[in-house]
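One letter stands for each residue in the lines below.
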Amino acid sequence: MTLPSPAPDASDAMLVSSYRAGDEQAATELVRRHAGPLGRFLYSAGAPRGEIEDLVQETFIRAFRALGGWRGEATFRSWLFRIGGNLRKDLYRRERGKVVISIVDGDLADPADPGAETEAGDAEDRIRRGIGSLPRLQREVFLMRAQQGLEYDEIATALKTTPGAARVHYHHAVKRLKEMIR
Amino acid sequence: MTPCSHLSDRMPAVGRGTAHWSPADEDHLAGCRDCSAEWNLVQATAGIGLEVERSLDRDTIASRVKAVLESSPAGPSPARRAGWLVPLAAVAAALLLLVWKGSPEPGADGPTVVAASLLPELETLTSAELESMLQLLPRDGMAVPGLDSFEDLTEAEVSSVLEDLEG
Chain A
1 MTLPSPAPDA SDAMLVSSYR AGDEQAATEL VRRHAGPLGR FLYSAGAPRG
51 EIEDLVQETF IRAFRALGGW RGEATFRSWL FRIGGNLRKD LYRRERGKVV
101 ISIVDGDLAD PADPGAETEA GDAEDRIRRG IGSLPRLQRE VFLMRAQQGL
151 EYDEIATALK TTPGAARVHY HHAVKRLKEM IR
Chain B
1 MTPCSHLSDR MPAVGRGTAH WSPADEDHLA GCRDCSAEWN LVQATAGIGL
51 EVERSLDRDT IASRVKAVLE SSPAGPSPAR RAGWLVPLAA VAAALLLLVW
101 KGSPEPGADG PTVVAASLLP ELETLTSAEL ESMLQLLPRD GMAVPGLDSF
151 EDLTEAEVSS VLEDLEG
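Residue numbers (the working numbering), protein chains in the order written: chain A, 1 to 182; chain B, 1 to 167.
Read the hints as simulated data drawn from the structure, not as lab findings.
C-beta atoms are modelled at their ideal positions from N, C-alpha and C, and glycine is treated no differently.
Hints should not be assumed to be uniformly reliable.
Here are some, though not all, of the chain B residues that point toward chain A, as calculated from beta-carbon distances under 10 Å [as the list claims (entries may be wrong)]:
(1) Asp9
(2) Asp27
(3) Ala62
(4) Val65
Below are the DMTMM-like pairs computed for lysine to aspartate or glutamate, each with C-alpha atoms no more than 20 Å apart in a straight line [as the list claims (entries may be wrong)]:
(5) A/Lys175 x B/Glu51
(6) B/Lys66 x A/Glu124
(7) B/Lys66 x A/Asp23
(8) A/Lys89 x A/Asp23
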């Protein structure tokens with residue numbers, strides 16, 4: 001028997017329940033929904049561009065295998081970010097502490113406006129490098145807050161800390177990044 | 001709440017277009033170098049990786065995830081688990097010893113020495129392994145003398161502890 005495709009507006013919690021009940025399409029929908037933001041989060045955290053697709057894939061595999069650990073306190077996406085952050089950290093350990101900022105075609109200057117393009121790319125690389133060099137909690141809190149717009153309560157739940165501590169991490173990250181990119 | 005804290009709290013929402021600055025906010029931003037620098041940082045961060053996000057092939061990733069899950073639905077193999085259980089057990093035992101030794105006499109540096117000697121071991125563990133190790137520790141044995149829980153610390157003290165832990 002073929003299960004019906006999940007509704008596109010189904011909540012993450014509904015999709016997780018469907019997947020647990022055997023609906024593989026629900027897993028596909030969860031990947032389609034969250035792979036992009038997850039990839040962006042990992043890239044912004046300093047993961048090399050060439051590793052992003054593998055990291056995203058591995059994050060989902062680990063997440064689906066550990067779905068019992070997600071009880072809905074944190075959003076599914078912030079829970080994924082936490083797993084992805086762990087994987088990125090493990091990759092960093094394997095690479096012996098080197099954060100590689102890759103250069104791909106998209107980073108190259110636009111011949112029509114090489115100056116502006118290069119300047120923007122430089123600024124982005126400086127910020128990425130700065131974010132990548134932050135302590136883990138500062139890095140993840142900063143990205144979840146500044147890039148994903150999550151509230152401190154939600155960040156705290158995802159990262160198993162307190163909202164007050166998350167706020168402190170955020171402000172430390174901002175202070176360090178402002179010094180780095182000055 | 002100071003005007004700087006107020007603006008800082010609203011920056012992510014304004015950066016994502018779900019909120020707007022009031023005229024008073026804009027006046028403050030124009031005159032405060034700190035807030036202006038933070039706002040530039042938040043705006044720049046909001047734009048990082050958009051191209052990466054767009055370029056990911058979600059369908060291919062979904063297919064690969066599905067294939068892997070179907071081929072090996074269980075967790076890590078027994079061989080892989082055994083591979084890190086031995087060092088994990090050694091680290092856990094050493095940490096239990098550290099906890100058991102309790103508070104040092106004034107001027108003694110026993111636990112500090114033990115903890116310092118453990119750090120290289122901990123560095124070799126992955127996050128999953130570290131989490132497993134932490135679950136082995138007795139929660140009531142982690143008490144810091146004179147402190148019922150980390151919730152009792154002020155934000156400045158939490159910050160100081162976190163700085164020490166994270167380096």
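Here is what the structure says about each hint:
1. Asp9: At 9 Å from the nearest chain A Cβ, aspartate 9 of chain B passes the 10 Å test, so the hint holds.
2. Asp27: violated (21 Å)
3. Ala62: Status holds, d = 4 Å.
4. Val65: Where the cut-off is 10 Å and the nearest Cβ of chain A is about 5 Å from valine 65 of chain B, the hint holds.
5. A/Lys175 x B/Glu51: violated (27 Å)
6. B/Lys66 x A/Glu124: Status violated; Cα separation ~34 Å.
7. B/Lys66 x A/Asp23: Distance of about 11 Å is within 20 Å: holds.
8. A/Lys89 x A/Asp23: Cα-Cα ~32 Å, so violated.
Going through the hint list in order, the structure does not satisfy hints 2, 5, 6 and 8.
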